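Undergrad: Line by line, the protein sequences are chains A and B.
All letters in the first sequence, in the order written, are residues 9 to 117 by my numbering.
All letters in the second sequence, in the order written, are residues 1261 to 1373 by my numbering.
Heads up, a few of these hints could be off.
SDA-like cross-link-like pairs, simulated, lysine to any residue; straight-line CA separation at most 25 Å [as the list claims (entries may be wrong)]: (1) A:K109 with B:T1363; (2) A:K109 with B:G1288; (3) A:K109 with B:L1299; (4) A:K109 with B:L1348.
Just some of the chain A residues that point at chain B, by a computed CB distance under 7 Å [unchecked claim]: (5) R51; (6) Y94; (7) G108; (8) K109.
Derived from the structure by calculation, the hints contain no laboratory data.
The model shown is predicted, which means the values in this text are computed figures rather than measured ones.
Here a beta-carbon is modelled for each residue, glycine too, at the ideal position from N, C-alpha and C.
This is what each chain is made of:
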Amino acid sequence: AQRVTQPEKLLSVFKGAPVELKCNYSYSGSPELFWYVQYSRQRLQLLLRHISRESIKGFTADLNKGETSFHLKKPFAQEEDSAMYYCALRANSGYALNFGKGTSLLVTP
Amino acid sequence: ETGVTQSPTHLIKTRGQQVTLRCSSQSGHNTVSWYQQALGQGPQFIFQYYREEENGRGNFPPRFSGLQFPNYSSELNVNALELDDSALYLCASSFNQGFGGYTFGSGTRLTVV
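All chains, please: the whole structure from these sequences, using the hints.
TA: As structure tokens, then:
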């Protein structure tokens, strides 16, 4: 069975501080991992996916198959990063995105 | 290029009634997926339509059904509404079953009373 766990419901950091949003998954095959973000009053949008290995808005995420993790990191948080962040997994043989419950990031000045 | 549009934005229904939610996919996309997002939860996959055929389904009962039309727009139908069906229903479109990622709509907020 596939499962995505985001252990923190809420993460509060100061502006300029590093931020790490945790995501752990369970899946026996080779998954495709994503981070989606939802800013206040906006729709869910793709932030990044592990296969593209790119940095978006200063965020990066590395897939660690040994630890089955896909943590999202940013070295210096900005107030505009405050949003709800969802980690999602897609099985290599499937089509559905399996989402975690999300972490609300609050960046305070 | 237009994004994914969903209608209506809000809806209140009575337990036992039926509801139809609509989704227009992004231009160039031929795949539509539907998700249910309960309060405080992540979105849960309901089903996916590709070229007018359902080709994937999550753990939802048969009273959740759908359609995809030749223009790739889609409907989600829910029969015999229950209080637990109250949620935000999200539609996501993509090209060829998720190739290149999914574009989400703003959702329809359904309240069952």
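Undergrad: Can we keep the A:R51 interface hint, with Cβ of chain B closer than 7 Å?
TA: Result: holds, 5 Å to nearest chain B Cβ.
Undergrad: Check the hint pairing A:K109 with B:G1288 against an upper bound of 25 Å on the C-alpha distance.
TA: Violated, because 30 Å separates the two Cα atoms, which is more than 25 Å.
Undergrad: Closer than 7 Å between Cβ atoms is the bar; does A:K109 clear it against chain B? Give me holds or violated.
TA: 5 Å, holds
Undergrad: How about A:G108: closest beta carbon in chain B under 7 Å, or not?
TA: At 5 Å from the nearest chain B Cβ, A:G108 passes the 7 Å test, so the hint holds.
Undergrad: Going by Cβ atoms only, is A:Y94 closer than 7 Å to chain B?
TA: With a minimum Cβ separation of about 5 Å from chain B (threshold 7 Å), the hint on A:Y94 holds.
Undergrad: Under the criterion that the straight-line Cα-Cα distance not exceed 25 Å, is the pair A:K109, B:L1348 satisfied?
TA: Measuring from Cα to Cα gives roughly 14 Å; hence the hint holds.
Undergrad: Please verify whether A:K109 and B:T1363 have alpha carbons no more than 25 Å apart.
TA: 19 Å, holds
Undergrad: Compare the distance between the alpha carbons of A:K109 and B:L1299 with 25 Å, and conclude whether the hinted pair is satisfied.
TA: The given pair, whose Cα atoms are some 10 Å apart, holds under the 25 Å limit.
The structure does not agree with numbered hint 2 stated previously, though it agrees with all others.
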